[in-house]
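Chemist: Next come the chains, spelled out residue by residue.
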Amino acid sequence: MTAPQQAAGIPPQIQQQLGMFQQIQQQLQQVSSQKMQYEMTLRETKRALEEIEAAADDSVIYSAVGSILIQKPKAAVKAELEEKVDSLELRIGSLDKQEKAMTTKASQLQKQIQEAISSGVPAAQ
Amino acid sequence: MASNTDQASLEQEVRSLQAYANEYSQQFELLTQQLRFIESARGEALASTESLEAFSGLEGDVPTLLNLGGGISVHAVVTDTKKILVGIGAGITVEKPVEEAITFLHDRVTEMDASAKRLSESLGKLQEQMRAVEQRMQEIYSQTQHR
Numbered sequence: 009m010t011a012p013q014q015a016a017g018i019p020p021q022i023q024q025q026l027g028m029f030q031q032i033q034q035q036l037q038q039v040s041s042q043k044m045q046y047e048m049t050l051r052e053t054k055r056a057l058e059e060i061e062a063a064a065d066d067s068v069i070y071s072a073v074g075s076i077l078i079q080k081p082k083a084a085v086k087a088e089l090e091e092k093v094d095s096l097e098l099r100i101g102s103l104d105k106q107e108k109a110m111t112t113k114a115s116q117l118q119k120q121i122q123e124a125i126s127s128g129v130p131a132a133q
Numbered sequence: 017m018a019s020n021t022d023q024a025s026l027e028q029e030v031r032s033l034q035a036y037a038n039e040y041s042q043q044f045e046l047l048t049q050q051l052r053f054i055e056s057a058r059g060e061a062l063a064s065t066e067s068l069e070a071f072s073g074l075e076g077d078v079p080t081l082l083n084l085g086g087g088i089s090v091h092a093v094v095t096d097t098k099k100i101l102v103g104i105g106a107g108i109t110v111e112k113p114v115e116e117a118i119t120f121l122h123d124r125v126t127e128m129d130a131s132a133k134r135l136s137e138s139l140g141k142l143q144e145q146m147r148a149v150e151q152r153m154q155e156i157y158s159q160t161q162h163r
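Residue numbers (my numbering), protein chains in the order written: chain G, 9 to 133; chain U, 17 to 163.
Just so you know, not all the hints are guaranteed correct.
Taking CB as the label site, the calculated pair distances span [as the list claims (entries may be wrong)]:
#: 1; chain 1: G; residue 1: Asp94; chain 2: U; residue 2: Leu82; range: 34 to 44 Å
#: 2; chain 1: G; residue 1: Thr112; chain 2: U; residue 2: Glu155; range: 34 to 44 Å
#: 3; chain 1: G; residue 1: Gln30; chain 2: U; residue 2: Asp96; range: 25 to 35 Å
Straight-line alpha carbon distances no greater than 30 Å define the calculated DSS-like cross-link-like pairs of lysine-lysine that follow [claimed, not checked]:
#: 4; chain 1: G; residue 1: Lys43; chain 2: U; residue 2: Lys98
#: 5; chain 1: G; residue 1: Lys82; chain 2: U; residue 2: Lys141
#: 6; chain 1: G; residue 1: Lys80; chain 2: U; residue 2: Lys98
#: 7; chain 1: G; residue 1: Lys92; chain 2: G; residue 2: Lys105
#: 8; chain 1: G; residue 1: Lys80; chain 2: G; residue 2: Lys54
#: 9; chain 1: G; residue 1: Lys105; chain 2: G; residue 2: Lys119
#: 10; chain 1: G; residue 1: Lys82; chain 2: U; residue 2: Lys99
#: 11; chain 1: G; residue 1: Lys86; chain 2: G; residue 2: Lys54
#: 12; chain 1: G; residue 1: Lys80; chain 2: U; residue 2: Lys99
#: 13; chain 1: G; residue 1: Lys82; chain 2: U; residue 2: Lys133
#: 14; chain 1: U; residue 1: Lys99; chain 2: G; residue 2: Lys92
#: 15; chain 1: U; residue 1: Lys112; chain 2: U; residue 2: Lys99
#: 16; chain 1: U; residue 1: Lys99; chain 2: G; residue 2: Lys86
#: 17; chain 1: U; residue 1: Lys141; chain 2: G; residue 2: Lys108
#: 18; chain 1: G; residue 1: Lys54; chain 2: U; residue 2: Lys99
#: 19; chain 1: G; residue 1: Lys108; chain 2: G; residue 2: Lys92
#: 20; chain 1: G; residue 1: Lys54; chain 2: U; residue 2: Lys112
#: 21; chain 1: G; residue 1: Lys86; chain 2: U; residue 2: Lys112
#: 22; chain 1: G; residue 1: Lys43; chain 2: U; residue 2: Lys133
#: 23; chain 1: U; residue 1: Lys112; chain 2: G; residue 2: Lys80
#: 24; chain 1: G; residue 1: Lys82; chain 2: U; residue 2: Lys112
#: 25; chain 1: U; residue 1: Lys141; chain 2: G; residue 2: Lys86
#: 26; chain 1: G; residue 1: Lys86; chain 2: G; residue 2: Lys43
#: 27; chain 1: G; residue 1: Lys119; chain 2: G; residue 2: Lys82
#: 28; chain 1: G; residue 1: Lys92; chain 2: U; residue 2: Lys112
These aren't lab readings, by the way, just hints derived from the structure by calculation. Remember, it's a predicted structure, so these values are computed and weren't measured experimentally. All residues carry an ideal CB built from backbone N, CA and C; glycine is no exception.
Given the sequences, and given the hints that come with them, work out the whole structure.
Modeler: Okay, here's the thing in structure tokens:
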């Protein structure tokens, strides 16, 4: 059976909910992947911060600005990294909330679709 | 009637097994890529360690060849073999004594070895799961052939 033939046997309301479910799942994947990237950057930044904190105050430190490296004092680099950590933690927190909301919405939709399919009655809007 | 129910149930199981097989295959590809990346980074770290160890025994200006890629090199003189610039991530580079730079690289290699071990274990488990799915598909295939 082809996909359109299969879809033809499904009530329009369930089809609509299945479409919404797939859309939420795709968005969820995007949010999760973005969160993972930020978490990786956060780990790297925290690690760099630990290295900087362990370095002597007069250490020669360079920071990448575009395609060149500029020498900066330890305190300035430390402040930059701390700011980056704060900003990343905020973004991760926000993505985490979005992820949880989407997971809840997807579970609810899945339950509604399953109930509608098993009872043979169109799912509630 | 019972035969139709069995058939539908088997079809459902095959669809489910195919979905698992696809998922496992994607995960396998992803983990293999990560493992290749770690192995490449490990090789690079070991080559750098070798260069640093060679530097640590040298004094004064060291004439070298700077590889530009494609088999092309230019003459370059390393004026300071005792102070090394180490990229620590997040776009930050710190000057370290050569011995500390070597220790830094050793630590990175140790971490990469641990990650590679974990990845290899995960790949082994995935292979087992993929084999189990394949075996069940074979059983279903034989079952339907003998009807």
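Chemist: Does each hint hold? Answer for all of them.
Modeler: Tested hints:
no., hint, verdict
1, G:Asp94 <-> U:Leu82: 34 to 44 Å, "40 Å, holds"
2, G:Thr112 <-> U:Glu155: 34 to 44 Å, "38 Å, holds"
3, G:Gln30 <-> U:Asp96: 25 to 35 Å, "59 Å, violated"
4, G:Lys43 <-> U:Lys98, "40 Å, violated"
5, G:Lys82 <-> U:Lys141, "45 Å, violated"
6, G:Lys80 <-> U:Lys98, "21 Å, holds"
7, G:Lys92 <-> G:Lys105, "20 Å, holds"
8, G:Lys80 <-> G:Lys54, "18 Å, holds"
9, G:Lys105 <-> G:Lys119, "21 Å, holds"
10, G:Lys82 <-> U:Lys99, "17 Å, holds"
11, G:Lys86 <-> G:Lys54, "10 Å, holds"
12, G:Lys80 <-> U:Lys99, "17 Å, holds"
13, G:Lys82 <-> U:Lys133, "36 Å, violated"
14, U:Lys99 <-> G:Lys92, "28 Å, holds"
15, U:Lys112 <-> U:Lys99, "6 Å, holds"
16, U:Lys99 <-> G:Lys86, "21 Å, holds"
17, U:Lys141 <-> G:Lys108, "29 Å, holds"
18, G:Lys54 <-> U:Lys99, "24 Å, holds"
19, G:Lys108 <-> G:Lys92, "24 Å, holds"
20, G:Lys54 <-> U:Lys112, "19 Å, holds"
21, G:Lys86 <-> U:Lys112, "17 Å, holds"
22, G:Lys43 <-> U:Lys133, "25 Å, holds"
23, U:Lys112 <-> G:Lys80, "15 Å, holds"
24, G:Lys82 <-> U:Lys112, "14 Å, holds"
25, U:Lys141 <-> G:Lys86, "42 Å, violated"
26, G:Lys86 <-> G:Lys43, "24 Å, holds"
27, G:Lys119 <-> G:Lys82, "55 Å, violated"
28, G:Lys92 <-> U:Lys112, "24 Å, holds"
Checked against the numbered hints given earlier, the structure breaks hints 3, 4, 5, 13, 25, 27 and satisfies all the rest.
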